[in-house]
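Here are the chains, one letter per residue:
There are 2 protein chains.
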Amino acid sequence: MKLKVIDVNLSTGGSAIAIINENDAKKLGIHASDRILIRRLRTGKAAIAVADISSEHIHLGEIGLFEEPLKLLGVEKGVHVDVMPCERPRSIQYISAKLEGKELSKNQIYEIVTDIVENHLSEVEMTYFVAACYSNRLSIKETVYLTNAIVDTGTRININKKVILDKHCVGGVPNNRTTLIVVPILAAMGYTMPKTSSRSITSPAGTADTMEVIAPVSLSLEKIKEVLAKANACMVWGGGNMNLAAADDKLIRIRHPMSIDPEGMLLASIMAKKKAVGATHCLIDIPYGYMAKFPTKQAASSLAAKFVKLGRMLGMKVKVVMTDGSQPIGNGIGPALEAYDVVNVLKGEGPNDLREKSIFLASEMLGMVGEKNARQKVLEVLDSGKAYAKFRKIAVAQGGRKHIKLPKARYFFDVLSEKQGTVKQINNKVIARIASLAGAPEDKAAGIYLRVHCGGKVRKESVLFTIHSQSKLKLDTARQIASEFGPITIK
Amino acid sequence: MKLKVIDVNLSTGGSAIAIINENDAKKLGIHASDRILIRRLRTGKAAIAVADISSEHIHLGEIGLFEEPLKLLGVEKGVHVDVMPCERPRSIQYISAKLEGKELSKNQIYEIVTDIVENHLSEVEMTYFVAACYSNRLSIKETVYLTNAIVDTGTRININKKVILDKHCVGGVPNNRTTLIVVPILAAMGYTMPKTSSRSITSPAGTADTMEVIAPVSLSLEKIKEVLAKANACMVWGGGNMNLAAADDKLIRIRHPMSIDPEGMLLASIMAKKKAVGATHCLIDIPYGYMAKFPTKQAASSLAAKFVKLGRMLGMKVKVVMTDGSQPIGNGIGPALEAYDVVNVLKGEGPNDLREKSIFLASEMLGMVGEKNARQKVLEVLDSGKAYAKFRKIAVAQGGRKHIKLPKARYFFDVLSEKQGTVKQINNKVIARIASLAGAPEDKAAGIYLRVHCGGKVRKESVLFTIHSQSKLKLDTARQIASEFGPITIK
Chain A
1 MKLKVIDVNL STGGSAIAII NENDAKKLGI HASDRILIRR LRTGKAAIAV
51 ADISSEHIHL GEIGLFEEPL KLLGVEKGVH VDVMPCERPR SIQYISAKLE
101 GKELSKNQIY EIVTDIVENH LSEVEMTYFV AACYSNRLSI KETVYLTNAI
151 VDTGTRININ KKVILDKHCV GGVPNNRTTL IVVPILAAMG YTMPKTSSRS
201 ITSPAGTADT MEVIAPVSLS LEKIKEVLAK ANACMVWGGG NMNLAAADDK
251 LIRIRHPMSI DPEGMLLASI MAKKKAVGAT HCLIDIPYGY MAKFPTKQAA
301 SSLAAKFVKL GRMLGMKVKV VMTDGSQPIG NGIGPALEAY DVVNVLKGEG
351 PNDLREKSIF LASEMLGMVG EKNARQKVLE VLDSGKAYAK FRKIAVAQGG
401 RKHIKLPKAR YFFDVLSEKQ GTVKQINNKV IARIASLAGA PEDKAAGIYL
451 RVHCGGKVRK ESVLFTIHSQ SKLKLDTARQ IASEFGPITI K
Chain B
1 MKLKVIDVNL STGGSAIAII NENDAKKLGI HASDRILIRR LRTGKAAIAV
51 ADISSEHIHL GEIGLFEEPL KLLGVEKGVH VDVMPCERPR SIQYISAKLE
101 GKELSKNQIY EIVTDIVENH LSEVEMTYFV AACYSNRLSI KETVYLTNAI
151 VDTGTRININ KKVILDKHCV GGVPNNRTTL IVVPILAAMG YTMPKTSSRS
201 ITSPAGTADT MEVIAPVSLS LEKIKEVLAK ANACMVWGGG NMNLAAADDK
251 LIRIRHPMSI DPEGMLLASI MAKKKAVGAT HCLIDIPYGY MAKFPTKQAA
301 SSLAAKFVKL GRMLGMKVKV VMTDGSQPIG NGIGPALEAY DVVNVLKGEG
351 PNDLREKSIF LASEMLGMVG EKNARQKVLE VLDSGKAYAK FRKIAVAQGG
401 RKHIKLPKAR YFFDVLSEKQ GTVKQINNKV IARIASLAGA PEDKAAGIYL
451 RVHCGGKVRK ESVLFTIHSQ SKLKLDTARQ IASEFGPITI K
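Listed in order, the protein sequences are those of chains A and B. Counting in the working numbering, the first sequence runs from 1 upward without gaps. Counting in the working numbering, the second sequence runs from 1 upward without gaps.
Worth double-checking, as some hints may not be accurate.
Chain copies aren't distinguished; within one or between two, either way the pair holds.
[As the list claims (entries may be wrong)] With a straight-line Cα cutoff of 30 Å, these simulated BS3-like cross-link-like pairs (lysine-lysine) come out:
(1) Lys408 x Lys457
(2) Lys141 x Lys102
(3) Lys27 x Lys429
(4) Lys250 x Lys102
(5) Lys393 x Lys405
(6) Lys317 x Lys141
If you are wondering where the hints come from, they were derived from the structure by calculation, not from laboratory data.
With the rest of the complex left out, here is chain A (with noise of 0.2 Å):
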């Protein structure tokens, strides 16, 4: 069938849509979601687009076509095309079984991931699998196949080092802004490790959030092999164009409406970007406690084992650390405030708990590779500024300027203690939330600021937190819930 091309002026991001009126889809036979071949008559390029059927605003005889068929048939509106009925991806099939709770084959896992990143799936059908990976849970050896598909389908950094260490927490702890210290202490005894990490979502700030208030962390694959080259390591932001794991991004966008991780998706998408980067050790860290993601140390081990055995599966030395997550570690919330943190701690100072845990993890990293005296040798090159001044070398290196300066809020406000007491309970989401509606991420210098941690004495009116904000308004929000929901328990 001939049609007409009409340019919609939207894009999808992801998968080819066209649009055709309901009487011509009446008559090629097709409904809202099937596939059509559409193929330029001139030239015979030829896009596979999902259709979808309009009554109004495409007319008989017209095609409508979102950005992506544009440029993958190179088109323009005006241009005649020619339509006709084509077969479904055969993935579809797959998810569908997956959906019953049949085990699916590695070639069909393949398959799918294949399609995810070519962008032939549907957003519908990519729920479907993300659904079905939750609610019929994949095995341990689907995962296997998941994380080698990402990786396999997405870009890799070829770095030739025996030993490459990588490491990652799972989050819901606020601050604990290890990786920014870890890493340049290990990279500073000579080991490469090439860090990426994530942005924040719904959290007031991401590990690339903090380091981008010091250095960019958005580089070409090129720029951190320059990076890597001259300071054997980096810490930089694992999405955007470098498609460290194309698939996962997509999948991602499509588990943000329903907030859901299914674990086998989860995992895969860890693991997809250590192996990414060549990762041949592995530290994860997984914080359980009080508002944090596993309440208890039981509740989070069962995940430690699944991280070990996908490790083994995938070639990867992989160890768990179960760490106290029942309330923040530093004392900063929002990304210059924790880029303060870090800095003071790389400068030999506080924050203790930030510093403490920082040298626990790097110790054992150290203890993964075999090296002895694990803990002294972190201390020495701490302490020495050795690793502050491979902190400073690796953000140039990226881009950064020679002196750190940290951006400041323009607006404060100073929560205090109703009472005398001792600080029981400091809640993680809550503190969260606030440092959000105080404009955390997107305001840089914008967060919290918390003058106390569990056990520590309070008078009445000593402060427990101060606000840091850069409108009024958004200040006054952050306050406003900050006095409802009273996240410092104090008796």
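Based on these hints, arrange chain B on the given structure of chain A.
Just chain B now, kept in the frame of chain A:
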């Protein structure tokens, strides 16, 4: 945040979508599929929309609106609106819970269905609901809640009668157009039968498509009431503007891409349409056999038991008959060819298999309401021409012509037997496929007319079936598939 309205000139036919620029989204702290509240500045009129994020097509300070939010707000392009983030519907949490395998309460299912009907959920969110009901089956209680929620959020036909009859067939067998014979038989005996049927989705014809050859089937609720008053029965399409089960129509659209039928949803979908017309007695026909929906009687009986149980819980008398579905019933396949068979049976002629099955089903229905000598009564009504008179009365009341005239195809092709022998098997699926390729149901006259049934003797080169088509191209395609797949086995 104040934004200028852009009309993207598209509609979803469901949820309200608004596209905002990437950087405005960051400022608002919004991700794709989050909800935003859009308020018209002058009138204060407000609407909630699902946010989509664009980096190119919608510029800073703009908001691209689909048809739905434009209508809700009563705005045009160029108008300024105020935009702020807002909470997602609570029903999303319930869908999440179902994905985790939890049983939902009555109120939770009502809230999900209400949000579906009122277009508060995005396609991705509805997909999660369908997937959750597929992987973590609905309990019988949940199915009852879902059925009632679909009925209560849709339109009902209120008929003031103590006994209202209905029937349903789960489909899968070509022709099998018993509804169009059973309804006039029972209506001729004075019973009320407000029958709604479906159109074809992938088959060569649905009951509504076949009836449409003779009379309009897409009637308003008002018109249906008129028909019922005149003829105490109707044979109409259950979809479209009638909104009989509005939620169901939206869910069917989501189910199409995967071709999945979550059992609880299928049951709720069928029973809601019966309850919406006030049915007190309902006969369900489940055909089984070679190339039917269920391969064996045993496979069908689990579904049968659920229909009966669900009927009891809904306060409806349900009887299930499991019938032979191993070959087409009747000779014609395609709207006009099926209508031809129906009219012939009503005139007291053949095809005998369609006649016998219709007599059986009508007798079973009479048995359900306690009539004695049911078969004898059915034969009397059928052979006296009373049923045919009633059929014509219903058709005319629906807007059909007084004299039935069936359309005829332009092109024909006889498929001949390659050898002498006995017909052993007729493949329902291949027969349906050939009829579709010939143009059914879009071309009303297109399809197949069978000359043999299982058990029949054929000579070499005797006609097995005739393909009818309106186009030579379609005829050729259908011929080719017929010769390739040989739908009739002779031994």
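Cross-check of the supplied hints:
1. In this assembly of identical chains, Lys408 and Lys457 lie within 30 Å of each other by CA distance solely inside one copy; the values are 28 Å within and 93 Å between copies.
2. Taking identical chains as interchangeable, the C-alpha atoms of Lys141 and Lys102 lie at most 30 Å apart whether they share a chain (13 Å) or sit on different chains (26 Å).
3. When the C-alpha separation of Lys27 and Lys429 is checked against a cutoff of 30 Å, the pair qualifies only between copies, where the shortest distance is 21 Å, while the shortest distance within a copy is 55 Å.
4. Proximity of Lys250 to Lys102 under the C-alpha cut-off of 30 Å is found in both arrangements, the shortest distances being 23 Å within a copy and 27 Å between copies.
5. In this assembly of identical chains, Lys393 and Lys405 lie within 30 Å of each other by CA distance solely inside one copy; the values are 15 Å within and 88 Å between copies.
6. Taking the closest pair of Cα atoms, Lys317 and Lys141 come within 30 Å of each other only inside a single copy of the chain (17 Å); across copies the shortest separation is 49 Å, beyond that limit.
Figure legend: structure checked against the earlier numbered hints; every hint is met.
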